[in-house]
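**Q** Note that my numbering has the sequence shown beginning at 24, numbered continuously upward.
Errors might be hidden in some of the hints.
Said to hold, decoys possible - Pairwise CB distance ranges, derived in the manner of DEER restraints: (1) GLU182 with PRO208: 20 to 30 angstroms; (2) LYS185 with PRO86: 40 to 50 angstroms; (3) MET54 with LEU288: 41 to 51 angstroms.
Claimed, not checked - DSS-like cross-link-like pairs, simulated, lysine-lysine; straight-line CA separation at most 27 angstroms: (4) LYS185 with LYS231; (5) LYS244 with LYS286; (6) LYS115 with LYS213; (7) LYS308 with LYS286.
These are calculated hints, taken from the structure and not from any lab test. Cβ coordinates follow ideal geometry from the N, Cα and C atoms, glycine included.
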Amino acid sequence: MNPEEKAVSPPDTPPDQIPERELASEFQQAMLGHQLSLYYQPIVHLKTGLVAGFETLMRWNHPERGFISPGIFIPVAEHTGLIVEASKWALKEAIRALKRLESHVGHNEHIYMSVNFSPSDLADESFLDEMYNVISASDVRPIQVQLEITGELLKNQRENSKAILGLCRKTGLKIAIDDYGLGDPNVFFKHMDDFPISTVKIDHLVIKDILTVPKAYELVKTIIAEAKARNIEVIAEGIEHKEEALKLGEMGCRFGQGYYFTKPLPERELTTLLLQISAFNELLK
Numbered sequence: 024m025n026p027e028e029k030a031v032s033p034p035d036t037p038p039d040q041i042p043e044r045e046l047a048s049e050f051q052q053a054m055l056g057h058q059l060s061l062y063y064q065p066i067v068h069l070k071t072g073l074v075a076g077f078e079t080l081m082r083w084n085h086p087e088r089g090f091i092s093p094g095i096f097i098p099v100a101e102h103t104g105l106i107v108e109a110s111k112w113a114l115k116e117a118i119r120a121l122k123r124l125e126s127h128v129g130h131n132e133h134i135y136m137s138v139n140f141s142p143s144d145l146a147d148e149s150f151l152d153e154m155y156n157v158i159s160a161s162d163v164r165p166i167q168v169q170l171e172i173t174g175e176l177l178k179n180q181r182e183n184s185k186a187i188l189g190l191c192r193k194t195g196l197k198i199a200i201d202d203y204g205l206g207d208p209n210v211f212f213k214h215m216d217d218f219p220i221s222t223v224k225i226d227h228l229v230i231k232d233i234l235t236v237p238k239a240y241e242l243v244k245t246i247i248a249e250a251k252a253r254n255i256e257v258i259a260e261g262i263e264h265k266e267e268a269l270k271l272g273e274m275g276c277r278f279g280q281g282y283y284f285t286k287p288l289p290e291r292e293l294t295t296l297l298l299q300i301s302a303f304n305e306l307l308k
């Protein structure tokens, strides 16, 4: 073995300075050693304050290095192919969490889990079978599971993505495009027609400007109108201020998420949240 491969970075090494091969090896151990967890950010109905669902976000708490940012380990996992196993784990854990929540607050078919998937996931031959098996083995209805993908994936894996997402939609799964509104408007409006999507999530970089930049406001207004005409739901990401939430509601955007409502939460805090009749109603008055 190359001597460099034996070297281990000291625990206090900044994660972004750890060689990719080493970080990938540690991430592989993290999946086996229960170092990964999911946090859940509520997706909120902007008129009622009710929780509609949760976006699942992967977290890595390294026993020696502490918290490692997803912005560091996710690209490494994608580049090394480890993301496929990580995504399978995330889907299973999200469904288990949903079942545990239902055991405490009762079954609610309107509550769903939104799980992020990468280009590598959709390219994996076992992706569909694994997903079907996980969902079939639970009592969760397909409509309670949402697959989140990026517009970049649709552009780079067009035909493959279209076929796979079509099969997913036929089973009742929801499909959401993340980071919506970035780039060429003609491209992402075309996605609404060319792909079997159920939801678009407007990126936080667009949302943060709707109160101060007329171009951003008009873009969001157009996205909402185009989506509504196609019976596609819209979720605004990265809401940080009350004024943004209220304005989006006035514009016809039904759902939103962001730190204004709450940061991503561990599973243990979700039951209390769901037991509240209108968890975030006061924040929308």
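**Q** Does each hint hold? Answer for all of them.
**A** Hint-by-hint comparison with the structure:
About 23 angstroms separates the C-beta atoms of GLU182 and PRO208, a value consistent with the hinted range of 20 to 30 angstroms. Under the hint 40 to 50 angstroms, the C-beta atoms of LYS185 and PRO86, about 42 angstroms apart, fit the expected range. Separation of MET54 from LEU288 is about 22 angstroms and departs from the stated range, judged on CB atoms against 41 to 51 angstroms. Note on LYS185 and LYS231: the hinted pairing is violated, with a Cα-Cα distance of about 31 angstroms set against a maximum of 27 angstroms.
Between LYS244 and LYS286 the alpha-carbon distance is near 26 angstroms, which keeps this suggested pair within the 27 angstroms criterion. Of the pairs offered as hints, the one joining LYS115 and LYS213 is violated, with about 32 angstroms between alpha carbons and a cut-off of 27 angstroms exceeded. For the given pair, LYS308 sits about 20 angstroms from LYS286 by alpha-carbon distance, which is consistent with the 27 angstroms threshold.
Against the hints set out earlier in the document, violations occur for numbers 3, 4 and 6.
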